[in-house]
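J.: The primary structure of each chain is shown beneath.
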Amino acid sequence: MEIKESINCKGLECPMPMIKLVKAIKGLNSGEILEMLGTDPGTKSDLKRWCDRTGHIILEINEAENGIFRFLIQKI
Amino acid sequence: MCLALFSGSLDKLTAAGVILSGAAADDMEVDIYVLLQAARAFKKEIATNRDELKLAENTHLRKEFIESLDKLNVKQWHEFFKEAKELTNVKIHICGLAGKIWGGEKLEDFIDLADDIVGIGEYITAAEEADIHLFI
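Listed in order, the protein sequences are those of chains U and L. For the first sequence, position 29 matches number 29 in our numbering, and the numbering has no gaps at all. With the second sequence counted from 1, adding 76 to any position gets you our numbering.
Take the hints with a grain of salt, since some may be wrong.
With a cut-off of at most 30 Å between alpha-carbon atoms, the simulated DSSO-like pairs for lysine-lysine come out as follows [to be verified]:
| # | chain 1 | residue 1 | chain 2 | residue 2 |
| --- | --- | --- | --- | --- |
| 1 | L | Lys158 | U | Lys48 |
| 2 | L | Lys120 | U | Lys10 |
| 3 | L | Lys120 | U | Lys48 |
| 4 | L | Lys161 | U | Lys44 |
| 5 | U | Lys4 | L | Lys158 |
| 6 | U | Lys48 | L | Lys147 |
| 7 | U | Lys26 | L | Lys167 |
| 8 | L | Lys182 | L | Lys147 |
Keep in mind the hints are simulated off the structure, nothing from the lab.
Based on the sequences and whatever the hints tell you, model everything.
T.: Have a look at this one:
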């Protein structure tokens, strides 16, 4: 599984991680995978809701002990 | 989404910017109607000058509020609006009367994000047609 692009949203507060994500997804082609690293807890639920709405697929969700989470999202 | 933006206060404009960002992330079309107090905030010489904008609530905590915004790297209210416009179809309409009250007769008197100067009828139609309608 090739990660096409990675965005670092660590330390960014809502709504900036989502805005950064939307911009990054726009730059990808269908099927390509985006990695997102973040620390804002609100983004976790926002991202799931956004993917439900837009149809993009969450392939993986990992959460480290230090509060950093990592999402892999595939563009439809 | 239809947003009637009445307030020209820094806290409410920031809240409007955050809500707008959420709508833009969802690719919603947004019509913003800039009414009385907000029209002053949208004037070119005012928009980027935080010293000109008061808080709507907890006015005694203005300094702490601004320090917190900066510490958390929260964008300035007009930057949220700019970013939302880049992402989706956001139209910013200045109320003609409100503009005149603050000495803004022409579109050029307002920040570049403003699309046009309109009458109140346009707002009523947009509010009637929108699924989400907010007054801030």
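J.: For which of the previously enumerated hints does the structure constitute a violation, in increasing order of number?
T.: 2, 3 and 8
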